[in-house]
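Top to bottom, those sequences are chains A and B.
Here my numbering = 1-based position in the first sequence + 163.
Here my numbering = 1-based position in the second sequence + 1.
Everything labelled a hint here was simulated from the structure, so no lab data went into it.
The reader is advised that the hints may include incorrect statements.
[Said to hold, decoys possible] In silico lysine-lysine, DSS-like type, Cα no more than 25 Å apart, as pairs:
no.	chain 1	residue 1	chain 2	residue 2
1	A	K441	A	K488
2	A	K204	A	K669
3	B	K27	A	K812
4	A	K200	A	K613
5	A	K579	A	K676
6	A	K691	B	K69
7	A	K676	B	K141
8	A	K690	B	K141
9	A	K672	A	K613
10	B	K155	A	K527
11	A	K235	A	K672
12	A	K488	A	K550
13	A	K357	A	K488
14	A	K527	A	K475
15	A	K353	A	K422
[Unchecked claim] Just the calculated beta-carbon pair ranges, DEER-fashion:
no.	chain 1	residue 1	chain 2	residue 2	range
16	A	G774	B	G154	17 to 23 Å
17	B	G154	A	D694	36 to 42 Å
18	B	P36	A	L412	56 to 62 Å
19	A	S802	B	Y81	54 to 60 Å
Here the structure is a predicted model, which means the values were calculated and not measured.
Yeah, the Cβ is synthetic: ideal placement off N, Cα and C, and Gly gets one too.
Residues per chain are reported as follows:
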Amino acid sequence: MNKRVFFIAVSLLIFPVLFLTGCGGGSGLDTGDAAQKVYVKPGEHDEFYSFMSGGFSGQVSVYGIPSGRLFKVIPVFSQDPETGYGYSEETKAMLNTSHGFIPWDDAHHPSLSRKEAIADGRWLFINGNNTPRIARIDLKEFETAEIIEIPNSSGNHGSPFTTENSEYVVASTRFSVPVPNADVDISSYKENFKGTISFVKVNPESGRMNIEFQIVVPGIDYDLARPGKGPSHGWAFFTSYNTEQANSLLEVNASKNDKDYIAAVNWQKAEEYVKQGKAKEVPADYYHNYYDEKTGIAKSDVVKTVKVLDPKDCPGMIYYLPTQKSPHGVDTDPEGKYIIASGKLASEIAVHSFDKMLKAIENKAFDGDFGGIPVLKYDAINEAVVKDAGLGPLHTEFDDKGYAYTSAFISSEVVKWKLGEWKVVDRIPVYYSIGHLLVMGGDTKKPDGKYLLALNKITKDRYLPTGPMLTQSCQLIDISGDKMKLLLDFPTIGEPHYAQGIKADKLTKDFMKIYEISKNGNPYASKKIDDTKVTRNGNEVHVQMIATRSHFTPDNIEGIKVGDKVYFHITNLEQDWDIPHGFSIMGATNSELLIMPGQTLTLLWEPKQPGIFPFYCTDFCSALHQEMQGYARVSPAGSNVELRWWLDKDPKAPKVDTTKTEKK
Amino acid sequence: MTTTSRIIVAVASVLLLGTFIQPIWKIGIEAPQYPEGMGIYIWINQITGENPGDLNTLNELNHYIGMKRIEPDSIPELQYMPYIIIGLTILGLLFSLIGKTPLIYLMVGLVMILAVVGIVDFYLWEYDYGHNLDPNAAIKMPGMSFQPPLIGGKQLMNIYALSLPWVGTWLMTISIFMYVYAILLNRKKKRVAAA
């Protein structure tokens, strides 16, 4: 290239660059600034973890904030052929319910365990909406540890929000149904349908959940929930809609009343009533799935009764707070003084005062009752109404400077307003149709502030198009200054209904790197080469196999017959962080296994025809990963091929001493 | 010998037992895939990993080049070394009771011989592991040995091995200095007494 032309070209390039950087802080050109704020250098770590619900994916995704990088999808309510979750013999039972094995659910609201109303990073709870369940994820392992079914419930939407010290996670039924469920006329809704609000106790040591008690409430739709904190600790609040008690065309028939209710439940009082024996132990049938401590294999307990409280017998336990038309979210501020609900069809935010509520109860400022539950006078409880709060306000979160942020679905924006002044001070458009929003720690006593995540349902033109089905998205908004600033868009898995954010160092201090092989209690584990074997019991064949870099022991198996149920019990004998091994065999109708170091997982394989079937490691474990393979020979049913297995030795030798092959 | 010298000899002898609670050598290992670090500690009676799974991991990695598995149970030195150390401690305590200076010279000699023999043994051990490789190994590097360094660092393929004496060895060294100090102190006292 001619030198002069080159210089001109370079100057032309430099000029706009200088111009742009010079104007960096200006209104239209703060993208450079935004890029700096979300840039996490390669090899460095994000400041926050965010756990997002996968919505209809049934899972939970783990993101880094502010980078918006996806780290992991934790399988929860849906089978995951990628890891074998819900397919392997060890994990299958996690998805058992009273309706049978269910491979999917709709996961909405993650909720971190907490101590003194601050997230402690031990567990993450999340609801299964469709077949009412709550799952507990262990945050040392980042794996689902337990799933409990909620009886007498239908559509576990208002769940599993965690009380101040993780005493309980709550669950309110979205759909009222007959309790116990029964074959009745749908039109007999008003007469036969009931709601339930459940309190699921969390063992403070193990995290193990149990349904401590349920409250049977009038049949309407219960929507969302939030326990109190600080002064309002001991109470929990549940929004509702359809106080019209319609059972068809709800969009019209459930939108008639000017006010619906927040159910305010004094759960400490409810505990007392339970202690006094006021709860009836009624028949139920629900599943409780967890890993056996010794074997590490998921098992299901079927629970046959549940304690139920009837508000009739328990005065002072529950009240209804009239609230703007069809409220959706209900949230309590960091100090626990206010109960904030958005009338999603009223375009305004109702702020009720917890203090005023207590006084109204004391003064019996009632406006009659609904289904036997006292309704408090609106004027006696309401502290303020935030006007001009966008159209379709849904959820509110809080920062560390006394501001609240409310998502508005219809007007696609986040509205910032001041607690105490009840005035909107800033608003920012989001793209598009925001549902929940999240401020880091914004549902706790000590919000971290700094970042807000907008969880959007519709993305249309925001990303490269992918046909009719588009990603949903998260938008990262900087809330550290007076004006909210959009920093980043990033796609999400499934539908991110709600999310939780926690400072990363709360989790990185103590997390699990491997499963200690010495603690592996799986009855089919092979902890050393001598443990590997193949045994037959009728038509069941159990293969106890070791996976280690870069071979399976044994890797040649003969004597399997068509009609056999072959269980491959694979132990990953590595004790090295981030060295998983995979296992897959041709024609397996379920999934692969992804086995972490020290873990034993089992795949059931039912060969349908004779032949030679290769199996191999699916996770690129080492330089000789491609060599990590083997063969299973399948003979016709009734044939008399001897059951034999080996690694590297004379095939006629029935047992293999592989230590020799390694040492030689 | 003076009482002070005897006490120093006794303490130095007991200090030898420190090799039971601290490793005598460390081979630290750096590799691109192990940002968290890895290493093995050599004790007088065992070999352990810096992290719980390290020995196992190292054996897994070593099998590609055909190196023998490091099996602490099959290394005889780890069986009899503890007895030698205990023996030396008892001998040292006995010598401090008897209180004759030539015996302390002997003690210094014994501990130093043990140290030298130990280091030579360690070198031979490393030589054996580094050179006697399985001819069927997956990875062969003609002409290359995988002998880890005795002291200092060395690049072995993707692994940088750094070998250093560890706390146990330093404790032993302190013991030797203490014996020598006891001898010198005793001499000085004698001279003062003579004068």
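Hint-by-hint comparison with the structure:
| no. | hint | verdict |
| --- | --- | --- |
| 1 | A:K441 / A:K488 | 34 Å, violated |
| 2 | A:K204 / A:K669 | 21 Å, holds |
| 3 | B:K27 / A:K812 | 37 Å, violated |
| 4 | A:K200 / A:K613 | 11 Å, holds |
| 5 | A:K579 / A:K676 | 41 Å, violated |
| 6 | A:K691 / B:K69 | 17 Å, holds |
| 7 | A:K676 / B:K141 | 32 Å, violated |
| 8 | A:K690 / B:K141 | 29 Å, violated |
| 9 | A:K672 / A:K613 | 22 Å, holds |
| 10 | B:K155 / A:K527 | 83 Å, violated |
| 11 | A:K235 / A:K672 | 19 Å, holds |
| 12 | A:K488 / A:K550 | 14 Å, holds |
| 13 | A:K357 / A:K488 | 21 Å, holds |
| 14 | A:K527 / A:K475 | 17 Å, holds |
| 15 | A:K353 / A:K422 | 18 Å, holds |
| 16 | A:G774 / B:G154: 17 to 23 Å | 53 Å, violated |
| 17 | B:G154 / A:D694: 36 to 42 Å | 39 Å, holds |
| 18 | B:P36 / A:L412: 56 to 62 Å | 60 Å, holds |
| 19 | A:S802 / B:Y81: 54 to 60 Å | 56 Å, holds |
Going through the hint list in order, the structure does not satisfy hints 1, 3, 5, 7, 8, 10, 16.
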